[in-house]
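Engineer: As a plain string of letters, each chain reads:
Protein chains: 2
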Amino acid sequence: MSLSIAYLGPPGTNSETAAMAYVEHLKQITGQECILCPDPTIAASLQTVALGEAMLGVVPVENSLEGSVSVTLDSLWQLDDLQIQKALVLPISHALISWASSLSAIHTVYSHPQALAQCQGWLEKSLPSSQLIPTNSTTEAVMRCSEDYETAAIASARAAELYLAPILAHPINDRPENCTRFWVVGKQPSPGGSHTSLAFSVPANVPGALVKPLQTFANRGINMSRIESRPTKRSLGEYLFFIDLEADARDPRTREALAELETYTKTMKIFGSYSIVCN
Amino acid sequence: MSLSIAYLGPPGTNSETAAMAYVEHLKQITGQECILCPDPTIAASLQTVALGEAMLGVVPVENSLEGSVSVTLDSLWQLDDLQIQKALVLPISHALISWASSLSAIHTVYSHPQALAQCQGWLEKSLPSSQLIPTNSTTEAVMRCSEDYETAAIASARAAELYLAPILAHPINDRPENCTRFWVVGKQPSPGGSHTSLAFSVPANVPGALVKPLQTFANRGINMSRIESRPTKRSLGEYLFFIDLEADARDPRTREALAELETYTKTMKIFGSYSIVCN
Numbered sequence: 001m002s003l004s005i006a007y008l009g010p011p012g013t014n015s016e017t018a019a020m021a022y023v024e025h026l027k028q029i030t031g032q033e034c035i036l037c038p039d040p041t042i043a044a045s046l047q048t049v050a051l052g053e054a055m056l057g058v059v060p061v062e063n064s065l066e067g068s069v070s071v072t073l074d075s076l077w078q079l080d081d082l083q084i085q086k087a088l089v090l091p092i093s094h095a096l097i098s099w100a101s102s103l104s105a106i107h108t109v110y111s112h113p114q115a116l117a118q119c120q121g122w123l124e125k126s127l128p129s130s131q132l133i134p135t136n137s138t139t140e141a142v143m144r145c146s147e148d149y150e151t152a153a154i155a156s157a158r159a160a161e162l163y164l165a166p167i168l169a170h171p172i173n174d175r176p177e178n179c180t181r182f183w184v185v186g187k188q189p190s191p192g193g194s195h196t197s198l199a200f201s202v203p204a205n206v207p208g209a210l211v212k213p214l215q216t217f218a219n220r221g222i223n224m225s226r227i228e229s230r231p232t233k234r235s236l237g238e239y240l241f242f243i244d245l246e247a248d249a250r251d252p253r254t255r256e257a258l259a260e261l262e263t264y265t266k267t268m269k270i271f272g273s274y275s276i277v278c279n
Numbered sequence: 001m002s003l004s005i006a007y008l009g010p011p012g013t014n015s016e017t018a019a020m021a022y023v024e025h026l027k028q029i030t031g032q033e034c035i036l037c038p039d040p041t042i043a044a045s046l047q048t049v050a051l052g053e054a055m056l057g058v059v060p061v062e063n064s065l066e067g068s069v070s071v072t073l074d075s076l077w078q079l080d081d082l083q084i085q086k087a088l089v090l091p092i093s094h095a096l097i098s099w100a101s102s103l104s105a106i107h108t109v110y111s112h113p114q115a116l117a118q119c120q121g122w123l124e125k126s127l128p129s130s131q132l133i134p135t136n137s138t139t140e141a142v143m144r145c146s147e148d149y150e151t152a153a154i155a156s157a158r159a160a161e162l163y164l165a166p167i168l169a170h171p172i173n174d175r176p177e178n179c180t181r182f183w184v185v186g187k188q189p190s191p192g193g194s195h196t197s198l199a200f201s202v203p204a205n206v207p208g209a210l211v212k213p214l215q216t217f218a219n220r221g222i223n224m225s226r227i228e229s230r231p232t233k234r235s236l237g238e239y240l241f242f243i244d245l246e247a248d249a250r251d252p253r254t255r256e257a258l259a260e261l262e263t264y265t266k267t268m269k270i271f272g273s274y275s276i277v278c279n
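Those sequence lines, one after another, are chains A and B.
If you count the first sequence from 1, position 29 lands on 29 in the numbering used here, and the numbers rise without skipping.
If you count the second sequence from 1, position 198 lands on 198 in the numbering used here, and the numbers rise without skipping.
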């Protein structure tokens, strides 16, 4: 039976590229066949998995230029029983896609806000007077620019190929080392691995309330590779902290740290331990 | 002479409401007259101030539902000599604006991504099959919905009034206690006040590298009201930390903590001390 994998569609998005990379990885290891299921939003991809309508979901977590993808963190906190099965790091390269005959004919550029932000410098230099219009996905941008020859889209070279659209410039991202990290999420038990992700809240307005949680890891020589705060959505100034550790939660030292951590937190959720695949 | 204040325009945005609240505040205290200057983006508002083309800028920092406004943090780090003069906390209330005769006639809703996110629940319940299209500002959404009577915008009641547009439902934000914090930024020396904001980076891949910086404040009983990480934009896994303290940088205890902090950081920038005005 094929394994269903949810992702932010339609085909041609960077999430699809990540999902395909994971499918290839699975095929090499287990020979498992997969079927990709596009969703209209990242939240919908995770919901689909939580409801059991797809076995796995591949969602972006963080870009090296634009930072966290908030909806992924917020959804993971809100939904139950989701565990991270794997992390994927993918280089992201953007192309300017347009049916215009030259750059000077373009007055509007469509793309996902993250992609627009990642090409900001190039746009200011090469298309200084064009209007930038955000879209829900890079693929939607390609579809919209096909309706008007004086507009362009920022999307992957693969999207251009899929929709038979011409590439006017590539790559146009401001930094060549542009990378995005994705998580493969499912309801299966945590597979274990080199990294562990979790989130927690601490009592409000206590000086140093965040120091003790971080010390539990520092005292044991466990490196925290990332900390991100998100609002609890109750009141301004109340946060959830999302943390990535370079440690396996099955390791006794990490288990001990997590048990101690729990005593300092108000609420806590462990999203599991997993390994990272770099493409 | 009038004092020029930059904000994310056009008129009708929540940034304009915040700028007007600050103008009112200034008038009461100093009698100073102000002129409001709309900019097309938040980054442009801050750049205008850094270049000396406007005396002050009013920019959103954080919403109680959607979290940090990344572009504000990133711009403040990149631009030189900007100091926070004041913080404003404003309740944010969203209206559904449309020329449609009823909800059932609406197939598309335009708004700024933050506003769409803040009304997510209401939209799923009341307009489940409508398409959500992001715009650069809530005001731009009102302008776009005026072109097609089967579409709607999410914006403030003030925007509806300014553009003579009908309100179909109000308020529609999922939580009534929806607030946004704004910063008033200028090149004037820091005025001092109850809160201090700063940002720093720490050496990469050192276990506990963030613990020491946080301890400098905890050891002195200084409460940290917020911590936010942003990518350095160099490589995945390298961060800047933005911190708000409940302390005045002119206070000897805080000065001592900041001096110690500097020894643990790679780079550090203090955005000044300021007081908070709640509306």
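Derived by calculation from the structure, the hints in this document are not laboratory data.
Be aware that a few hints might be false.
Pairs involving identical chains hold if they fit within one copy or between any two copies, as the list cannot separate such chains.
[Said to hold, decoys possible] Listed next, the in silico SDA-like pairs over lysine to any residue satisfying Cα-Cα at most 25 Å (straight line): (1) 27 - 107; (2) 187 - 235; (3) 269 - 104; (4) 86 - 206; (5) 233 - 91.
Since this is a predicted model, take the numbers as computed values, not measurements.
Engineer: So which of those numbered hints doesn't the model satisfy?
Structural biologist: Going through the list in order, the structure violates hints 1, 2 and 3 and respects the others.
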